[in-house]
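There are 4 protein chains.
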Amino acid sequence: MPLKVGIIGASGYTGAELIRLAAGHPEIEIGYVTANQYQGARVDELYPHLTGISDLVYDAYDLEVAGSKADVFFLALPHGKAMEVAPGLLDAGHKVIDLSGDFRLDDAGVYEAWYKREHTNPELIGRAVYGLPELYEEEIKSANFISNPGCYPTGVLLALAPLISEKLISTDGIVINSLSGASGAGRDPKPGTHFCKIDGSLTAYKVGGVHQHTPEIEQYMSDIAGKAITVSFTPHLMPVSRGILTTAYADMADFVDLDRLIALYKSFYKDKPFVLILPSGQYPQTKNVAGSNYCHIGIALDVRTGKVIIISAIDNLVKGASGQAIQNMNLMVGLPQDMGLRHAGLMP
Amino acid sequence: MPLKVGIIGASGYTGAELIRLAAGHPEIEIGYVTANQYQGARVDELYPHLTGISDLVYDAYDLEVAGSKADVFFLALPHGKAMEVAPGLLDAGHKVIDLSGDFRLDDAGVYEAWYKREHTNPELIGRAVYGLPELYEEEIKSANFISNPGCYPTGVLLALAPLISEKLISTDGIVINSLSGASGAGRDPKPGTHFCKIDGSLTAYKVGGVHQHTPEIEQYMSDIAGKAITVSFTPHLMPVSRGILTTAYADMADFVDLDRLIALYKSFYKDKPFVLILPSGQYPQTKNVAGSNYCHIGIALDVRTGKVIIISAIDNLVKGASGQAIQNMNLMVGLPQDMGLRHAGLMP
Amino acid sequence: MPLKVGIIGASGYTGAELIRLAAGHPEIEIGYVTANQYQGARVDELYPHLTGISDLVYDAYDLEVAGSKADVFFLALPHGKAMEVAPGLLDAGHKVIDLSGDFRLDDAGVYEAWYKREHTNPELIGRAVYGLPELYEEEIKSANFISNPGCYPTGVLLALAPLISEKLISTDGIVINSLSGASGAGRDPKPGTHFCKIDGSLTAYKVGGVHQHTPEIEQYMSDIAGKAITVSFTPHLMPVSRGILTTAYADMADFVDLDRLIALYKSFYKDKPFVLILPSGQYPQTKNVAGSNYCHIGIALDVRTGKVIIISAIDNLVKGASGQAIQNMNLMVGLPQDMGLRHAGLMP
Amino acid sequence: MPLKVGIIGASGYTGAELIRLAAGHPEIEIGYVTANQYQGARVDELYPHLTGISDLVYDAYDLEVAGSKADVFFLALPHGKAMEVAPGLLDAGHKVIDLSGDFRLDDAGVYEAWYKREHTNPELIGRAVYGLPELYEEEIKSANFISNPGCYPTGVLLALAPLISEKLISTDGIVINSLSGASGAGRDPKPGTHFCKIDGSLTAYKVGGVHQHTPEIEQYMSDIAGKAITVSFTPHLMPVSRGILTTAYADMADFVDLDRLIALYKSFYKDKPFVLILPSGQYPQTKNVAGSNYCHIGIALDVRTGKVIIISAIDNLVKGASGQAIQNMNLMVGLPQDMGLRHAGLMP
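Chains as they are written, first to last, in my numbering: chain A, -7 to 340; chain B, -7 to 340; chain C, -7 to 340; chain D, -7 to 340.
Honestly, I wouldn't trust all of these hints.
Remember, identical chains collapse to one label, so a pair may be satisfied in a single copy or spanning two.
[Said to hold, decoys possible] Simulated pairs of lysine-lysine, DSBU-like, Cα-Cα distance not exceeding 30 angstroms:
id: 1; residue 1: -4; residue 2: 182
id: 2; residue 1: 133; residue 2: 73
id: 3; residue 1: 73; residue 2: 182
id: 4; residue 1: 198; residue 2: 182
id: 5; residue 1: 198; residue 2: 262
id: 6; residue 1: 133; residue 2: 198
id: 7; residue 1: 182; residue 2: 264
id: 8; residue 1: 108; residue 2: 182
id: 9; residue 1: 258; residue 2: 198
id: 10; residue 1: 182; residue 2: 61
id: 11; residue 1: 198; residue 2: 264
id: 12; residue 1: 264; residue 2: -4
id: 13; residue 1: -4; residue 2: 73
id: 14; residue 1: 61; residue 2: 108
id: 15; residue 1: 258; residue 2: 159
Simulated from the structure, these hints should not be mistaken for lab results.
Just chain A, same shape as in the assembly (with noise of 0.2 angstroms):
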């Protein structure tokens, strides 16, 4: 018998992606998907796409409803919005997994600070489980509450996770450089996601460690060092619709040659279906993971300076959201983890 899944807040991109994931996925039936703003509306009406794949028609969200639909919830919700709904389910027994960014952040005080809104739920913080699975693996599997990593973290904290939990690099000055698709800023149409604006283009934005998901990745880089990092983060704008490419600076602690360290890398990520250590000269494409729930890492050293660099390339949809987020509802219940998830990137 299939694992009955809701999607909660699925009109926007990470949960029709869900939907996209979930129709090839062998062992999950979707009972229930919301988006109160388009209640009766089929999906394949705001997503063609899905024509032919899904039947489903949007309801309105009602905590009673949606526990008569479905055992486990992916919360697709806007940030703000999760932390409304989070309690009623967990109360009424579900397991819940949470896309937004309203329970990656330990302290309700510094989510405030870069969030610029009130959390409401600030007792079910330390409840929920970081979906990171390639790092937390065993809490996830045992939880029934999880926050699901935001797109830039995933594709950081990949990158720099073996350096940092080997000691391996001086957890001063590191910089990190991403670069995403548009489709990281959403579904709705703004002046900043015209295609004329965003086509031919390059550009940043939040400069100056402003991004909210910088307090994201300094708290768990933190975590795994077992000390306070800070770092340098700055966000693009790319003309492409999916991808995430992060390269990341750091100084070598001690030296160690190249092989040597995508020889760690590869031992780090043993047994860890989704994350993929390049050879040696080569670094990742993001269009080799479109689609995919694989993040591709390319490894080099600048001897001259003493650094390192590390460029990692993820989905921002997939591994960076509804990709990641149907792996930890696959440990949750049991399964294996890449169940449902072994997609090749769509290349060319």
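Take the given structure of chain A and dock chains B, C and D to it, following the hints.
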């Protein structure tokens, strides 16, 4: 026990796409991939998006070895090469699906006139079944040798078959305007496929009815109509990697209202899992079928001019090539035609 | 002393393009730019590409002020607004070039049927000269009021005028398939102009002869032909910012060989500096005219079907709007029509 | 009487761009263009966007002929070729602007180490003035031989020169993350410039401080600083045709608030017509400088990490190559440096 397949000429885009799709097919095991130029190289060296998906290594083609490794063969070879390889495999009793244009045309003379090369195996032409499952399903089921349709003809024939079959349009004066993504031009770098040439540009090529897919379109349209049809077909090169959008214009023979036309298309493609007819007022977007085997069709009437306009969208590498080839294979070996192919398009 | 011009409605793309082009025109000084919504804002706040090019500040429109600041006015207003503003400026003795559709159609009833709005100044319609300089140069030279052509009609009329004028084609059954970049949809963000919707996708819209440029195309074609012409016109939205590629199909009335056709086009457009006829076998690429006022035209014959295929490329914002408006202004004030407009397209 | 210029190696992108820009320059006449491989071909055969702009025909290079046709020469040759051609032209008394990397580095040994080729004219190195007009205007004015900067170094040096010059940053640990459009890879088709490889993808290349522009950046930064500077520089290849976006990270030596920093940049680049400093909170978009000679610079402080982040945008073919070359020519011959170069970027 899974079906063992071989892919001959697997270094090009359609070969890589066969590997990608086969990896998600529950009953296929790829036993043999060849690319003479890349003998000994891993598939994921050429195609890093297949890292973690396929451990295959390219072989040089050898008939004896082929026979020991697989039972069904996909020929993803250039035009002119397939006609050299097909006979040996067929004589050895294997099933063969040829993705080239070598066996699509009934008349070797027509082939030679349009493809500008000699046909060295004209006696085989009659033995190939045209692999458009929506029109020739029964013949495909009992075939050993399939000639897989061209990318443009697939989109065109699916768009126009119902109208021709039901004699709803004049067979004179049909205009077919098709737009293709750059992957249709193949993997080899050429001046015409340089990023800077295609990016930001719209252009036509082989204008004036000289594209080699023209006689293929005409032959199968004529076959449906029971009389000779000549069309005016113009291909265009667009700044996308994947996708073909065809806009076909024909004169209505008698007035039929749009709702009835749509109903007729739905009826014509009943039980054809990959053809989806859009509601009135909606038209296909190629991105909605990117990476998928679906064909979306939209229909409009221009009552002022008496024309019907049919628009179809496919992914040239999937429904226009490798996905269709697997659909054909499914039918040939008695599997459900949609097995392993029910993926949604990658949107956004 | 430079000519003082005003741009009414200068916050949209065509307004910004007028400012860009005017900045490179040796005889123009912009004395007045308006955008009620952005009153007090600098032009380069909305359009940073004009930083260093223009120090202008948006005003709210006022007829009195306008008259004190400029002598020639470009109306870059939405349809429906231009008809409110034009009369006052004309009555005050100014020259007016209207880029909207408000005065392109001879018949207010036709306007109302296609634009779905009432025409509040039908008596002015007859006073506007259609500003397609390649066809109406003499009328433009003596005009005070120009109705600047639509973007699609510009590409279509330039492509077909010679054939119609010389009675070389049947005026029945003409098919016009046009592809446009996203800037044609304007600056306001809409679901349909979201980067993720257009990027990587090919689609058609307003299919079935319902685009409001259809009657404009037909009216001026009919004017050239001396008899009523009806066409089947289908616009498409393409993943480029700028450019319109038109592929027009018509039945040859009598056979004329390609070299003679090309010669005829060259002769027809002799002394027309912005229309370039490509050699046999070459077809336009929109990128070659990006940012420029040129129209490139390629011609092919399909001898099997008796059709002639004409392909034209323009930049929808330049030759299809603001460049053409300046070309008209040049003619109206006695300057060489190509003054300030001899820029090459931006390639690569 | 216009200045007669020659372009040696005019079949590549920078050569074509020189022709495009020269066509809009009021005091230049191109007397000579060479491309040995295309001798006898018209420029507009290779570059149809120059149809109607230039009637030039490619010659094979000949020193005698060159001297009779022009007085100032642009060398748009590949690295290694310029060093063969420059001496003859200089000896004959001509002014030479070399766009290659052959004379940018002071030390032939460094050149040979990074460019992997022998320098056959090391004695000429000292005679070339580095053509970055914002830093070396006076030297350029009196020079006969200019080494035009690389595309990346132009964007990097303009971004960082004020901070280094004013000793506001630590010269240790500077990280430079640059993103380039595909035209930087040149006109020849290669696997890496295939549309399908770049479209929809983000990637890095020559990672680890191995790009040949690294020593150029370091040499001129060191020159400004008066002490040796080593940087960590990583280039990336982006899916746009034109544009370089550089994001540079440096540690503030002392805290200076953002307003003062911006004022300092404006002061540093006072009277430099092509460098524009954006207001606080605004960051450059490459599209705003596409086709233009401007460099846009945005500045941010990351107070948490003590870093300053400088972002610059240029068009790699204009300010990063051919536009800058013409700016240098203007200075060399006593014209205003911005003559013929005051074009706005092409947006949208």
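So, going through the hints one by one against the coordinates:
In this assembly of identical chains, residue -4 and residue 182 lie within 30 angstroms of each other by CA distance neither inside one copy nor across copies; the values are 35 angstroms within and 35 angstroms between. With identical chains, the CA atoms of residue 133 and residue 73 are at most 30 angstroms apart within one copy only, with a shortest distance of 25 angstroms there and 53 angstroms across copies. For a Cα distance limit of 30 angstroms, the shortest separation of residue 73 from residue 182 qualifies both inside one copy, at 20 angstroms, and across copies, at 24 angstroms. Taking the shortest Cα distances, residue 198 and residue 182 sit within 30 angstroms of each other both inside one copy (16 angstroms) and across copies (24 angstroms).
In this assembly of identical chains, the alpha carbons of residue 198 and residue 262 lie at most 30 angstroms apart only when taken from different copies (27 angstroms versus 35 angstroms within one copy). In this homomeric assembly, residue 133 and residue 198 never come within 30 angstroms of each other (Cα to Cα): the closest approach is 35 angstroms inside a single copy and 40 angstroms across copies. Taking the shortest alpha-carbon separations for residue 182 and residue 264, neither the intra-copy value of 38 angstroms nor the inter-copy value of 35 angstroms comes in at or below 30 angstroms. In this assembly of identical chains, the alpha carbons of residue 108 and residue 182 lie at most 30 angstroms apart whether taken from the same copy (20 angstroms) or from different copies (27 angstroms).
Proximity of residue 258 to residue 198 under the C-alpha cut-off of 30 angstroms is restricted to the inter-copy arrangement: shortest distance 22 angstroms between copies versus 33 angstroms within a copy. In this homomeric assembly, residue 182 and residue 61 never come within 30 angstroms of each other (Cα to Cα): the closest approach is 34 angstroms inside a single copy and 34 angstroms across copies. In the homo-oligomer, the alpha carbons of residue 198 and residue 264 lie at most 30 angstroms apart only across protomers (28 angstroms), although the nearest pairing inside one protomer, at 32 angstroms, exceeds that limit. Taking identical chains as interchangeable, the C-alpha atoms of residue 264 and residue -4 lie at most 30 angstroms apart whether they share a chain (26 angstroms) or sit on different chains (28 angstroms).
For the homomeric pair residue -4 and residue 73, the shortest alpha-carbon distance inside one copy (23 angstroms) is at most 30 angstroms, but the shortest distance between copies (50 angstroms) is not. When the C-alpha separation of residue 61 and residue 108 is checked against a cutoff of 30 angstroms, the pair qualifies neither within a copy, at 34 angstroms, nor between copies, at 46 angstroms. For the homomeric pair residue 258 and residue 159, the shortest alpha-carbon distance inside one copy (16 angstroms) is at most 30 angstroms, but the shortest distance between copies (42 angstroms) is not.
Violated hints for the displayed structure, listed by number in ascending order: 1, 6, 7, 10 and 14.
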